[in-house]
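Chemist: If you're matching them up, the sequences are chains P and B in order. Counting in the numbering used here, the final residue of the first sequence is number 483, and the numbers go up one at a time with none missing. Counting in the numbering used here, the final residue of the second sequence is number 290, and the numbers go up one at a time with none missing.
If you're looking for bench data, these hints aren't it; they were derived computationally from the structure. Be careful, since some hints might not be right.
[Claimed, not checked] Using 20 angstroms as the maximum straight-line C-alpha spacing, the simulated DMTMM-like pairs for lysine to aspartate or glutamate come out as follows:
| # | chain 1 | residue 1 | chain 2 | residue 2 |
| --- | --- | --- | --- | --- |
| 1 | P | K405 | P | D311 |
| 2 | B | K216 | B | E140 |
| 3 | B | K137 | B | E179 |
| 4 | B | K216 | B | E179 |
| 5 | P | K247 | P | E480 |
| 6 | B | K36 | P | D424 |
| 7 | B | K59 | P | E482 |
| 8 | B | K36 | P | D378 |
| 9 | B | K216 | B | E95 |
| 10 | B | K36 | P | D356 |
| 11 | B | K216 | B | D138 |
| 12 | B | K59 | P | D424 |
| 13 | P | K477 | P | D368 |
| 14 | P | K278 | P | D418 |
| 15 | B | K218 | B | E228 |
| 16 | B | K276 | B | D249 |
| 17 | B | K218 | B | D257 |
| 18 | B | K36 | P | D429 |
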Amino acid sequence: MKPRFIAMVGRKGGVGKTALTLGLTAHYARKGKRVLLVDLDPQGSTSLALGADGTGGNLAAVLLGDAKPETVPCVTFFNCPPIALLPGGPELENINAACPLRESLADVPADYVLIDCPPGHADLDRFAMQAADIVLACCEPHRLAIAGAARVLDEARAIKPRPRCAVVLGRLDERRGLDAAAPDLLAGAFAVPVLTVRQDAALALALNAGSLPPASGRAAADIETVCRWIDKQTEREA
Amino acid sequence: MNTKQNRARAGMLAGVTAGHAQARIDKRLALALNAEPAQEVAMMPLDKVLGRPAGDSRALDDEHLEALAESINALGLIEPLPVDRLGCLLCGAHRLLALRRLAVKDPERWRLVPVRRMDFIAQDEPARALAVEVAENEKRRDYKPAEVCALAERLQAAGFRATPGRPRKGTKALLPALGCIVGKSKRTLLRILNPEPAKKKPDAWTVALERLAYTLDAFACVAADTPRAKLTPGDRRAVNDAAKLQAVIERMLNHGKK
Numbered sequence: 246m247k248p249r250f251i252a253m254v255g256r257k258g259g260v261g262k263t264a265l266t267l268g269l270t271a272h273y274a275r276k277g278k279r280v281l282l283v284d285l286d287p288q289g290s291t292s293l294a295l296g297a298d299g300t301g302g303n304l305a306a307v308l309l310g311d312a313k314p315e316t317v318p319c320v321t322f323f324n325c326p327p328i329a330l331l332p333g334g335p336e337l338e339n340i341n342a343a344c345p346l347r348e349s350l351a352d353v354p355a356d357y358v359l360i361d362c363p364p365g366h367a368d369l370d371r372f373a374m375q376a377a378d379i380v381l382a383c384c385e386p387h388r389l390a391i392a393g394a395a396r397v398l399d400e401a402r403a404i405k406p407r408p409r410c411a412v413v414l415g416r417l418d419e420r421r422g423l424d425a426a427a428p429d430l431l432a433g434a435f436a437v438p439v440l441t442v443r444q445d446a447a448l449a450l451a452l453n454a455g456s457l458p459p460a461s462g463r464a465a466a467d468i469e470t471v472c473r474w475i476d477k478q479t480e481r482e483a
Numbered sequence: 033m034n035t036k037q038n039r040a041r042a043g044m045l046a047g048v049t050a051g052h053a054q055a056r057i058d059k060r061l062a063l064a065l066n067a068e069p070a071q072e073v074a075m076m077p078l079d080k081v082l083g084r085p086a087g088d089s090r091a092l093d094d095e096h097l098e099a100l101a102e103s104i105n106a107l108g109l110i111e112p113l114p115v116d117r118l119g120c121l122l123c124g125a126h127r128l129l130a131l132r133r134l135a136v137k138d139p140e141r142w143r144l145v146p147v148r149r150m151d152f153i154a155q156d157e158p159a160r161a162l163a164v165e166v167a168e169n170e171k172r173r174d175y176k177p178a179e180v181c182a183l184a185e186r187l188q189a190a191g192f193r194a195t196p197g198r199p200r201k202g203t204k205a206l207l208p209a210l211g212c213i214v215g216k217s218k219r220t221l222l223r224i225l226n227p228e229p230a231k232k233k234p235d236a237w238t239v240a241l242e243r244l245a246y247t248l249d250a251f252a253c254v255a256a257d258t259p260r261a262k263l264t265p266g267d268r269r270a271v272n273d274a275a276k277l278q279a280v281i282e283r284m285l286n287h288g289k290k
């Protein structure tokens with residue numbers, strides 16, 4: 246099976262791109278799927294979150310054609326298959342030509358290629374969305390984050406006429422009136438599915454500890470819903 | 033539901049609108065980034081090159097125009113004019129006007145001009161025309177020092193002189209003419225045309241010694257400012273040793289300079 250490319254894009258920082266990426270990774274890896282994590286972030290967020298050093302220019306080297314994607318280091322966790330990671334880092338700032346992300350990674354042995362995008366970087370976002378089968382616009386129930394997601398969705402539509410995309414509203418606290426109203430409000434405004442991931446302390450703890458997000462809990466259940474949505478999209482395609 | 037809630041919800045939706053507005057600018061910038069590939073250069077009759085349908089995006093500067101006309105007269109048109117399928121100018125209004133002025137004096141010489149024809153119609157695709165203009169103006173060719181020198185030589189051969197103050201009668205000013213071709217400041221041009229002899233780079237050993245001397249000097253300053261009573265015997269020994277080492281290093285550095 247050819248790998249499915251999924252991009253987590255948000256434009257604004259701190260809206261849960263990396264958390265969602267790792268959440269999806271954990272879900273798929275626990276199901277025995279082969280996951281390749283592509284850390285397209287000059288800050289190296291995914292790499293840092295997984296305990297890699299976040300200075301490696303591996304991804305930059307692959308995109309510039311200086312290295313083969315086979316050389317990726319693997320991160321192994323207890324009880325799931327190894328997760329391949331193409332670490333990001335400051336060298337990604339140098340990628341300014343149209344970078345053949347999809348072509349470079351076309352033959353990697355993976356079921357899912359998850360691309361974690363940087364905050365505030367239109368070019369890298371665009372490369373990720375050009376490569377992606379599915380675009381997840383990450384945001385929080387917050388005006389500034391929503392502006393970022395709107396921007397991303399417009400960009401996705403400019404790249405492909407009918408992109409498969411959804412908004413993922415993260416860190417949702419349904420006890421707050423505004424948070425509870427946000428999914429419906431935004432589904433109307435964006436005209437794309439709005440998926441939610443509820444606030445979950447267990448997820449925050451795991452991300453800080455450098456371990457994989459938990460297999461159970463509020464966030465894990467929500468992320469499973471996101472995965473089901475993704476799989477439904479790709480099934481429809483196939 | 034209270035008013036605060038309502039306002040917050042409206043604010044969230046305003047976020048969507050703001051994002052759409054920013055995305056429009058993103059799109060325009062991306063268009064400029066993925067500029068048109070270089071088109072083939074062809075010769076075209078000057079009187080067939082049309083002005084931009086929308087008019088010029090900024091006022092034309094007469095002084096610049098004069099210098100440009102002089103340099104084009106001496107060197108010919110170096111960068112072809114980008115035009116659309118119908119021959120409408122996409123950017124380079126100054127160059128076009130300068131050519132037209134030259135053509136009044138010498139119509140035969142300036143009958144044909146080099147153009148780069150792009151395969152679209154500016155009036156039908158104004159966004160694309162704007163993207164070309166933005167890209168052309170932003171990505172102005174960066175002339176290498178050797179190219180600047182070669183152009184300067186050709187201009188000098190045509191009677192342009194780099195003299196301080198106003199050029200004498202019969203000669204023309206070199207730097208303004210050169211500046212409007214290569215788009216560099218007078219200072220940059222002077223630096224390129226009269227390069228300073230390269231300074232010899234100090235070797236790693238000397239650099240290390242200089243750093244050490246600097247550190248010891250800073251240490252001596254602090255030691256001098258500290259009341260002697262405050263220093264322990266160990267501190268005093270350290271100050272003395274540092275002073276001796278400083279003297280040794282100063283000697284080594286002075287020796288190296290000779």
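Chemist: Confirm or reject each hint.
Modeler: Evaluation of the provided hints:
Of the pairs offered as hints, the one joining P:K405 and P:D311 is violated, with about 29 angstroms between alpha carbons and a cut-off of 20 angstroms exceeded. Using a Cα cut-off of 20 angstroms, the hinted pair B:K216 and B:E140 is violated, with the two alpha carbons roughly 32 angstroms apart. The straight-line distance between the Cα atoms of B:K137 and B:E179 is roughly 29 angstroms, outside the 20 angstroms bound, and the hint therefore fails. With a C-alpha separation of about 13 angstroms, the suggested pair B:K216 and B:E179 falls inside the 20 angstroms cut-off, and the hint holds.
About 13 angstroms separates the Cα atoms of P:K247 and P:E480, which keeps this hinted pair within 20 angstroms; it holds. For the hint linking B:K36 to P:D424, the alpha-carbon distance of about 14 angstroms falls within 20 angstroms, and the restraint holds. Between B:K59 and P:E482 the CA atoms are separated by roughly 28 angstroms; this puts the pair beyond 20 angstroms, and the hint is violated. Taken as a hint, the B:K36 and P:D378 pair is broken in the structure, with Cα atoms around 40 angstroms apart against an allowance of 20 angstroms.
Restraint check for B:K216 and B:E95: satisfied, since their Cα atoms lie roughly 16 angstroms apart, inside the 20 angstroms limit. A hinted pair counts as satisfied when its Cα atoms are at most 20 angstroms apart, and B:K36 with P:D356 does not qualify at roughly 46 angstroms. Restraint check: the Cα-Cα separation between B:K216 and B:D138 comes to about 29 angstroms, which exceeds 20 angstroms; the hinted pair is violated. Simply put, B:K59 and P:D424 have alpha-carbon atoms about 31 angstroms apart, too far for the 20 angstroms limit, and the pair is violated.
Annotation: proposed proximity of P:K477 to P:D368 is violated, straight-line Cα distance about 29 angstroms (limit 20 angstroms). Proposed proximity of P:K278 and P:D418 is contradicted: the alpha carbons are some 31 angstroms apart, above 20 angstroms. At most 20 angstroms may separate the alpha-carbon atoms for a hinted pair to count; B:K218 and B:E228 meet this at roughly 16 angstroms. Restraint check for B:K276 and B:D249: satisfied, since their Cα atoms lie roughly 12 angstroms apart, inside the 20 angstroms limit.
Proximity of B:K218 to B:D257 is assessed by CA-CA distance (about 49 angstroms); at most 20 angstroms being required, the pair is judged violated. Distance restraint check for B:K36 and P:D429: the Cα-Cα separation of roughly 18 angstroms lies within the 20 angstroms cut-off, and the hinted pair is therefore satisfied.
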